[in-house]
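Spelled out, the chains give:
Protein chains: 2
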Amino acid sequence: MADEHDITDAETSETQSEEAHEDRAYHLERKTVAAILFAVDAGDSAQLTELMEPLHPADIADVLEQINAFDRRRLIELYGREFDGDILSEVDESIREEVIGILNPDVLADAVRELDSDDVVDLLEDLDEPQQEAILDALEDADRVAVEQAMTYPEYSAGRLMQREVVMAPEHWTVGEAIDFLRNSEDLPDQFYHVVLVDPLMHPVGNVTLGKIMRSHREKPLIEITEEEFRTIPVDQDEGDVAYAFNQYHLISAPVVDADGRLTGIITIDDAMAVLDEEHEEDILRLAGVGESGLNDTVRETTRSRFPWLAVNLVTAVLASLVIAQFEGVIGQFVALAVLMPIVASMGGNAGTQSLTVAVRSIATKDLTGANVWRVIRREVLVGLVNGLIFAVVMGIVGLVWFDSSMLGAVIATAMVINLVVAGLAGTVIPVLLDRVGVDPALASGAFVTTVTDVIGFFAFLGLAAMVLI
Amino acid sequence: MADEHDITDAETSETQSEEAHEDRAYHLERKTVAAILFAVDAGDSAQLTELMEPLHPADIADVLEQINAFDRRRLIELYGREFDGDILSEVDESIREEVIGILNPDVLADAVRELDSDDVVDLLEDLDEPQQEAILDALEDADRVAVEQAMTYPEYSAGRLMQREVVMAPEHWTVGEAIDFLRNSEDLPDQFYHVVLVDPLMHPVGNVTLGKIMRSHREKPLIEITEEEFRTIPVDQDEGDVAYAFNQYHLISAPVVDADGRLTGIITIDDAMAVLDEEHEEDILRLAGVGESGLNDTVRETTRSRFPWLAVNLVTAVLASLVIAQFEGVIGQFVALAVLMPIVASMGGNAGTQSLTVAVRSIATKDLTGANVWRVIRREVLVGLVNGLIFAVVMGIVGLVWFDSSMLGAVIATAMVINLVVAGLAGTVIPVLLDRVGVDPALASGAFVTTVTDVIGFFAFLGLAAMVLI
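Residue numbers (numbering that gives the first Met the number 0), protein chains in the order written: chain C, 0 to 469; chain B, 0 to 469.
Fair warning: there could be bad hints in the mix.
For chains that are exact copies, the list does not tell them apart, and a pair is met inside one copy or across any two.
Computed list of lysine to aspartate or glutamate pairs in EDC-like fashion (alpha-carbon distance at most 16 Å, straight line) [what the hints assert, rightly or not]:
(1) Lys30 / Asp40
(2) Lys365 / Glu89
(3) Lys30 / Glu49
(4) Lys365 / Asp91
(5) Lys365 / Asp434
(6) Lys365 / Glu28
(7) Lys365 / Asp439
Honestly, the hints are just simulated from the structure, not real lab data.
Between the sequences and the hints, there should be enough to build the whole structure, so can you do that?
Shown next, in the form of structure tokens:
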């Protein structure tokens, strides 16, 4: 590790220190990938195994994602029986089917049997029917039943996310009884942080940390040392809301309960963190009009995922053109209008996107609510007005100097103010309304907001020009 | 809690089930906020305390964020001595200074004394000098020294994020020795999940979970039951990279080491998750050209944070206008060009934003690297070509039908293909280059990419038109 650092530092010493940190944080070096590809080219499986051995399964998954499909197949075939289940869990869903298709059925079966049931569920979610069957068949009976049961919960719900193995204790137990129980249990989960206390009806009533159990006298009743912060999660709750609750309330693990409030599983913070990361990815891509997609999608898949948004934008753009077409006469007389009009629309579009992004993000973090929506709308409109006035002065001067026409300057200045105010209003109101009617504001707001700012921008500028200049 | 759910479900039964879930997940109800404001209006501090009592500090912080500054002051004054330190930690930095300014110095001192030293550090980071002094003065001597020492680490580094209280044991200890030590320690941290093993030079050599300690025989050496996954974090590492490592390697806690590799603190996953969330917020806002800002910023602050991006965009838009101005002659003859030209630029801008967002996100998750950058660029260009051809056909037909000119149709079709290919290229290459020279691609890519697509879009369309139509 010390070696690795030294080399990295030497390579990046000329760039900013931030860059150096980033490289140091990321344990998968570019030359490791190159060395792996070299071993694959040489067909040297001993060398490949040696190179892969120190890598975390998540890093091996990254290697598979970064190389092309041809090398991927050769690597997996050469790696052979060394391929383990965690790599399959870590690999991006965009290439998961491909990887499973390459794996020898025996290797796949071994790999899958190593995984916890919640990881198998996660794996199955994105696969086609025949591949799902192949994996379910590879499992032992008890595991298959557990996985099939988990699959009965809705997609992206707490039921799919949870582990079914919970360390629990009756609420009347003492610390001593818990310690004896833990020391004598054969099949405790690999990682657990709390003992969940349950009443006789299996309703969870509290969490006790292992640290507290260790520090307390054997006679102490567990119920007296439960954590202050304790929340249960309904089994059908959306996984995004689960992640939100973990982040908001600093939960480490939380019991999952069925409709009758009975304990059915447990979710831990590492799973919640992974969901939080995925949700953010979705939000950021949706805002840009990129559907579900990965860096490894083919040209065909990517084209298909980008097309719908561009099609919507084409309709929007044609709408704006129809507005411009109404003013062909005045544009024919004053070509300067054609030169200046994109400025008004573009500024409106950008200001609208700013307001919209703040609104979408605030809705996602539940910070924008009924209690403050009017205050935020008022603020956005005022900000639009102030920025509009500043840019109106600038553009008024530009119009005056460039085209030597004070009327043209006045027209573009007024249109700028109007469009930036409209942008602030539309950028906030549209996502709020979409959210109220149950549409994801990240997905749909952009098209609406730019339509509004384009149409209003061209209409205000050209309409005013038609009134004033003719 | 059962009551709360029933009411929520009844209220939202008409909307989509997703909405209902969301409301259920969020424990701060709109009517709770209304009731709190009612108590504040009435000056009823008993009622206020009763309403606030069941709320998590994070929810109380949300209440403070959602109400206006006038109500905020009255609420804090009425709540008086009940105000505790965790609320201060949870409250958004945009109103933190204001809240601290309102608090009675005695209340502030009590609140701050309750906090862990890492939370105090987090609090201090965003405050002005005099407020920092006030808080440091409130601390007891030992805590103040600890906080001042943490503040010597760079901002947003692991050193600022870590807790200094680490539960550690010499590497040669047995399970029994560890258990006796833990049971006899007076001042263990509230939450801890691992015992860190250290060598005689204080270099961390492994993590042992409390669960493993509980399950093992007293004679078992700790070194034999360490976790497989063990990574140390340099004290000067950027907190974003720390969060990345926790998510990538599924860490629960990780020891922080100084330049000599000696243990100086520990970071736990809940802190890493909070950083991950903040980093995402920054990325999403930067992509939209919104500087650091909160929902509670004033009109003046918001205007200032939005202005720079709009100013950059104005320069961009004027550049595009200069391109248009070169073709005033041909526009004067064929006004249809003015009607259609924004379509080409707008489609290019959107396609560029799609490519750019995918690239920025992939750089942030370290999925886009030297190993696959050429493959991704080729894909983006091909996707631009395919989508360009599809939309070229559509626009060619629109141009032909609308303006009855096959030449105009051919011009817009060709310009569309050119601009979408350029968009795919620029949308990928620009963020990659910015990242290479150490500039945050989320912050700056947008302006460059839309400049390119606007300029190329107008130039290709009007230039072709000038060649073909005149």
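Okay, the hints, checked on the actual structure:
Proximity of Lys30 to Asp40 under the C-alpha cut-off of 16 Å is restricted to the intra-copy arrangement: shortest distance 15 Å within a copy versus 66 Å between copies. In this homomeric assembly, Lys365 and Glu89 come within 16 Å of each other (Cα to Cα) only across copies, at 14 Å, whereas the closest approach inside a single copy is 30 Å. Only within a single protomer do Lys30 and Glu49 lie at most 16 Å apart by alpha-carbon distance; the minimum there is 15 Å, versus 61 Å between protomers. Proximity of Lys365 to Asp91 under the C-alpha cut-off of 16 Å is restricted to the inter-copy arrangement: shortest distance 13 Å between copies versus 29 Å within a copy.
In the homo-oligomer, the alpha carbons of Lys365 and Asp434 lie at most 16 Å apart inside one protomer (11 Å), although the nearest pairing across protomers, at 32 Å, exceeds that limit. Proximity of Lys365 and Glu28 under a CA criterion of 16 Å is satisfied inter-copy only: 11 Å between copies versus 39 Å inside one chain copy. For the identical chains of this complex, Lys365 and Asp439 are intra-copy neighbours only, at 13 Å inside a copy versus 27 Å across copies, given an alpha-carbon limit of 16 Å.
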